[in-house]
Amino acid sequence: MFDRKIGVDMSVNTDRRGFLSGATAAGLAASSMNLDILKAESLSNELKKSGKRVLLLWLAGGASQLETWDPKPGRLTGGPYQAIQTSLPGVQISELMPKMATRLHNTAIIRSLNTQIGDHGGGARLMHLGRRDEPNLKYPDMGSVLARELGRPDLQVPDYVSFYTATEGRGNAVGQPGFLGARYAPMFLTTDNKPANLSRLEDITDLDHKERADLRALLSNRFAKGRVSESLGSHNVAYGRVRGLMSSEKLFDLSDEPQKVKDRYGKSLFAQQALVARRLIEAGTPFVKVARAWWDSHGQNFETHLELVTELDHVMSTLLEDLEERGLLQDTLVVTLAEFGRTPTINASLGRDHFARAWSASLTGCGIKGGTVFGATDEDGQHVKDNEIGAAEMFATIYKAVGIDPHHEYFVGARPIPLVDPGTHAVDEVLA
Amino acid sequence: MFQADPNNFRELRTTSRPDIILRMTRNDDTGEVFVGSSDAKVYQVDPMVEQPEFLAMEGHTSYVMGLVDTGKYIVSGSYDKSLIWWNKETKQQVRRIEMAHDRWIRNLTTTPDNKFVLSVADDMVCKIWDAETGDLVRTLESHIKVTEHGFPNMLYAVAVSPDGKLIATVDRIAKIKLWDFETGEELKELEAPKCYTWDPKARIHSIGGIRSVTFSPDSTKVAVGGIGQIGNVDHLAAAGRVELFEVASGEKLHMFEGDDKHKGLVEQIIFHPSGKWLMAVGGDHGGWVQFLDVEKKEVVKQLKAPMHVHQMVVTSDFKMAFGVGHNRLAVWSFEPEEPMEEKTEEAAG
Numbered sequence: 001m002f003d004r005k006i007g008v009d010m011s012v013n014t015d016r017r018g019f020l021s022g023a024t025a026a027g028l029a030a031s032s033m034n035l036d037i038l039k040a041e042s043l044s045n046e047l048k049k050s051g052k053r054v055l056l057l058w059l060a061g062g063a064s065q066l067e068t069w070d071p072k073p074g075r076l077t078g079g080p081y082q083a084i085q086t087s088l089p090g091v092q093i094s095e096l097m098p099k100m101a102t103r104l105h106n107t108a109i110i111r112s113l114n115t116q117i118g119d120h121g122g123g124a125r126l127m128h129l130g131r132r133d134e135p136n137l138k139y140p141d142m143g144s145v146l147a148r149e150l151g152r153p154d155l156q157v158p159d160y161v162s163f164y165t166a167t168e169g170r171g172n173a174v175g176q177p178g179f180l181g182a183r184y185a186p187m188f189l190t191t192d193n194k195p196a197n198l199s200r201l202e203d204i205t206d207l208d209h210k211e212r213a214d215l216r217a218l219l220s221n222r223f224a225k226g227r228v229s230e231s232l233g234s235h236n237v238a239y240g241r242v243r244g245l246m247s248s249e250k251l252f253d254l255s256d257e258p259q260k261v262k263d264r265y266g267k268s269l270f271a272q273q274a275l276v277a278r279r280l281i282e283a284g285t286p287f288v289k290v291a292r293a294w295w296d297s298h299g300q301n302f303e304t305h306l307e308l309v310t311e312l313d314h315v316m317s318t319l320l321e322d323l324e325e326r327g328l329l330q331d332t333l334v335v336t337l338a339e340f341g342r343t344p345t346i347n348a349s350l351g352r353d354h355f356a357r358a359w360s361a362s363l364t365g366c367g368i369k370g371g372t373v374f375g376a377t378d379e380d381g382q383h384v385k386d387n388e389i390g391a392a393e394m395f396a397t398i399y400k401a402v403g404i405d406p407h408h409e410y411f412v413g414a415r416p417i418p419l420v421d422p423g424t425h426a427v428d429e430v431l432a
Numbered sequence: 433m434f435q436a437d438p439n440n441f442r443e444l445r446t447t448s449r450p451d452i453i454l455r456m457t458r459n460d461d462t463g464e465v466f467v468g469s470s471d472a473k474v475y476q477v478d479p480m481v482e483q484p485e486f487l488a489m490e491g492h493t494s495y496v497m498g499l500v501d502t503g504k505y506i507v508s509g510s511y512d513k514s515l516i517w518w519n520k521e522t523k524q525q526v527r528r529i530e531m532a533h534d535r536w537i538r539n540l541t542t543t544p545d546n547k548f549v550l551s552v553a554d555d556m557v558c559k560i561w562d563a564e565t566g567d568l569v570r571t572l573e574s575h576i577k578v579t580e581h582g583f584p585n586m587l588y589a590v591a592v593s594p595d596g597k598l599i600a601t602v603d604r605i606a607k608i609k610l611w612d613f614e615t616g617e618e619l620k621e622l623e624a625p626k627c628y629t630w631d632p633k634a635r636i637h638s639i640g641g642i643r644s645v646t647f648s649p650d651s652t653k654v655a656v657g658g659i660g661q662i663g664n665v666d667h668l669a670a671a672g673r674v675e676l677f678e679v680a681s682g683e684k685l686h687m688f689e690g691d692d693k694h695k696g697l698v699e700q701i702i703f704h705p706s707g708k709w710l711m712a713v714g715g716d717h718g719g720w721v722q723f724l725d726v727e728k729k730e731v732v733k734q735l736k737a738p739m740h741v742h743q744m745v746v747t748s749d750f751k752m753a754f755g756v757g758h759n760r761l762a763v764w765s766f767e768p769e770e771p772m773e774e775k776t777e778e779a780a781g
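Listed in order, the protein sequences are those of chains A and B.
Under our numbering, read the first sequence as residues 1 to 432, first letter to last.
Under our numbering, read the second sequence as residues 433 to 781, first letter to last.
Calculated directly from the structure, the hints in this document are not laboratory data.
Backbone N, C-alpha and C fix where the C-beta goes; we use that ideal spot for every residue, glycine too.
One should not assume that every hint holds.
What the hints assert, rightly or not - Partial pick of chain B residues on the chain A-facing surface, computed with a CB cut under 7 Å:
no.	residue
1	S494
2	E580
3	V763
4	F766
What the hints assert, rightly or not - A short, non-exhaustive set of chain B residues, derived as facing chain A with CB atoms under 10 Å:
no.	residue
5	V481
6	T542
7	I636
8	S638
9	G660
Claimed, not checked - BS3-like cross-link-like pairs, simulated, lysine-lysine; straight-line CA separation at most 30 Å:
no.	chain 1	residue 1	chain 2	residue 2
10	A	K72	B	K751
11	B	K626	B	K597
12	A	K260	B	K577
13	B	K684	B	K620
14	A	K210	A	K72
15	B	K633	A	K260
16	A	K262	B	K633
17	B	K708	B	K736
18	B	K520	B	K577
19	B	K728	B	K597
20	A	K138	A	K369
21	B	K547	B	K708
22	A	K194	B	K633
23	A	K262	B	K577
24	B	K473	A	K385
25	A	K210	A	K194
26	A	K267	A	K48
27	B	K597	B	K577
28	A	K48	A	K194
29	B	K504	B	K523
30	B	K708	A	K72
31	B	K620	B	K728
32	B	K633	A	K250
33	B	K577	A	K267
34	B	K520	B	K708
35	B	K520	A	K99
36	B	K751	B	K729
37	B	K626	A	K267
38	B	K633	A	K267
39	B	K633	B	K597
40	B	K597	B	K693
All chains, please: the whole structure from these sequences, using the hints.
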């Protein structure tokens, strides 16, 4: 349901009020699945204290691997853009990424994803959840898992922020805490880069607000006394975070960011959201997703990618430089990912269609062995030639890079649920 | 003179190719045909034979986007940013200008006297080259390099008026610049904004642009081609669009738009020597040829082509047309189909 008045997607929890109502509902859902998210131990307090974070650049609609990380110069499938030499000996990427080509020292390129699902909805779900859906179990997405495992309750910041401004494909941008409960739902920003209704109302003083919260807690605790209910617990934990979330509002406001920093990122919406993401990461938010839509270039692939890859190259390289200069990159994993790539075969509209059989992603920063390329496709890019991996391996690699054991298990009732499907291995070749 | 009639226009034959043939040039005196391909090669080919042989000329490293015949040389331009002068007999390179432009070359044309070659590229510069020596004579530069939305602009096409006095250049954001050939002065800017679709909300990128430009035979009008406004910019999901302007006043005289069965880009526009009608070719996943009547101000005939047509050349007598495009080379005729011989009683059995 899209509420035009406040400009947020109410199917997920964006603002404070939504966050609270959602928390109650999800607490009930979690309760019905017999998962006590409040009692369940997180992986490690040490891990939380380590300050690891993940920033996902979600290339919604499916960016072309041939015009980014896996060019095929000289082949009929290669398209018009040439490959350029990067800072890594023997490694070339598309000439549309000249800035990234000079700074791959922190980056691992994965050129061997075969994720099999070639429709937007299915592909996006897979690449958010790391596994296929199951009828009787609602899995959390990557952001919710990372929010839970890396989020620090002592920090006054949201755990999971998701930007998705374009309307196309927004419904595919899964942000679901699943059995973890709404405590780990995303703050989902759509029409504005700032969360709606996060500010305290002007006619309520800060003292007033605090006393109201205290009164609510008193009544709630009295009601909860002697009752055993996960939903009540989830409800109270969610309320407990309200004042922290409110104080984080300034992170979304770029007005106090130096002009030269804003100029460096650029004026585009994607650039501004990347800058807000850096501010959130710097403040300790463990997971931020910035979705850049829409890459679905069935017609005029090369014009679309000239626009969007040029923008991606600038924003991504600026973001990485900024994180590195601030000493944040060693603890921040920056991921580029989409629901799939695009067909090597060029259609008559000079477009490329959906292609999940052989595509690329990138991992930069925290836990990554920079300057590596993993996997390879054949000379036309039609098939994975070496080291094929799927979504599960990609997720295992992301989790392991930030210190999370991908084989850690949650329990829903008596059923153990590992973070990734059993038998999945992380790609150790790209891990530091 | 032969009176070409659009109603007689018909496809004679097609030749399949694995590549996308993007450009074509034909010397009307000699009948020589050269084509430029997505496989980075220039080919000489005789489209009149049943099974044409493609003789490759190798030198570029990306799509060949411009191809002209100066009489003495073939000149090609490519996404690899280079221009190559070719000896037509030996098929060898005579001259190569490695970085003729800073960004991808989109198209070439010549002056009517074949003394100059003009190139346009995504550095947003039109360059005029001496066709004989390869010397750079002049640069024309005023198209903006970055759109108001922060994306790279693209300079798609260039034309020289038949009287040799004017140059027209057209870009992604649907601006048309008219230049004085002799002085290089920018004379006028026209625009066809419906040819550029910026989607600020659903997909946040653009599609379209003016892809083709030509002057009328009397040099008084300029026609530009592209695609109309698109709802879903993932696809070429609008009818092809041609807009006709009067050069002197800059007034838009008319807009031609095909029907919903003929969607896609107008890749090229060709005026009939009478100036009374013109042809528009292009396509999306399929291709088409349209005939536009300047006096009636309407699309008088549309027909499917066997492929998305990237370029077409018509013989000066307007009897034959040759087109190249997606995986095909095709030949059409304007000559009326000869009536079937009446069957004799004996032959009928």
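Hints versus structure:
{"no.": "1", "hint": "S494", "in the structure": "holds, 5 Å"}
{"no.": "2", "hint": "E580", "in the structure": "violated, 10 Å"}
{"no.": "3", "hint": "V763", "in the structure": "violated, 19 Å"}
{"no.": "4", "hint": "F766", "in the structure": "violated, 25 Å"}
{"no.": "5", "hint": "V481", "in the structure": "violated, 25 Å"}
{"no.": "6", "hint": "T542", "in the structure": "violated, 23 Å"}
{"no.": "7", "hint": "I636", "in the structure": "holds, 5 Å"}
{"no.": "8", "hint": "S638", "in the structure": "holds, 7 Å"}
{"no.": "9", "hint": "G660", "in the structure": "violated, 14 Å"}
{"no.": "10", "hint": "A/K72 <-> B/K751", "in the structure": "violated, 42 Å"}
{"no.": "11", "hint": "B/K626 <-> B/K597", "in the structure": "holds, 28 Å"}
{"no.": "12", "hint": "A/K260 <-> B/K577", "in the structure": "holds, 22 Å"}
{"no.": "13", "hint": "B/K684 <-> B/K620", "in the structure": "holds, 13 Å"}
{"no.": "14", "hint": "A/K210 <-> A/K72", "in the structure": "violated, 60 Å"}
{"no.": "15", "hint": "B/K633 <-> A/K260", "in the structure": "holds, 28 Å"}
{"no.": "16", "hint": "A/K262 <-> B/K633", "in the structure": "holds, 22 Å"}
{"no.": "17", "hint": "B/K708 <-> B/K736", "in the structure": "holds, 22 Å"}
{"no.": "18", "hint": "B/K520 <-> B/K577", "in the structure": "violated, 36 Å"}
{"no.": "19", "hint": "B/K728 <-> B/K597", "in the structure": "holds, 28 Å"}
{"no.": "20", "hint": "A/K138 <-> A/K369", "in the structure": "violated, 33 Å"}
{"no.": "21", "hint": "B/K547 <-> B/K708", "in the structure": "holds, 28 Å"}
{"no.": "22", "hint": "A/K194 <-> B/K633", "in the structure": "holds, 17 Å"}
{"no.": "23", "hint": "A/K262 <-> B/K577", "in the structure": "holds, 21 Å"}
{"no.": "24", "hint": "B/K473 <-> A/K385", "in the structure": "holds, 28 Å"}
{"no.": "25", "hint": "A/K210 <-> A/K194", "in the structure": "holds, 23 Å"}
{"no.": "26", "hint": "A/K267 <-> A/K48", "in the structure": "violated, 34 Å"}
{"no.": "27", "hint": "B/K597 <-> B/K577", "in the structure": "holds, 26 Å"}
{"no.": "28", "hint": "A/K48 <-> A/K194", "in the structure": "holds, 26 Å"}
{"no.": "29", "hint": "B/K504 <-> B/K523", "in the structure": "holds, 12 Å"}
{"no.": "30", "hint": "B/K708 <-> A/K72", "in the structure": "violated, 46 Å"}
{"no.": "31", "hint": "B/K620 <-> B/K728", "in the structure": "holds, 27 Å"}
{"no.": "32", "hint": "B/K633 <-> A/K250", "in the structure": "holds, 26 Å"}
{"no.": "33", "hint": "B/K577 <-> A/K267", "in the structure": "holds, 16 Å"}
{"no.": "34", "hint": "B/K520 <-> B/K708", "in the structure": "violated, 35 Å"}
{"no.": "35", "hint": "B/K520 <-> A/K99", "in the structure": "violated, 40 Å"}
{"no.": "36", "hint": "B/K751 <-> B/K729", "in the structure": "holds, 24 Å"}
{"no.": "37", "hint": "B/K626 <-> A/K267", "in the structure": "holds, 25 Å"}
{"no.": "38", "hint": "B/K633 <-> A/K267", "in the structure": "holds, 16 Å"}
{"no.": "39", "hint": "B/K633 <-> B/K597", "in the structure": "violated, 43 Å"}
{"no.": "40", "hint": "B/K597 <-> B/K693", "in the structure": "violated, 38 Å"}
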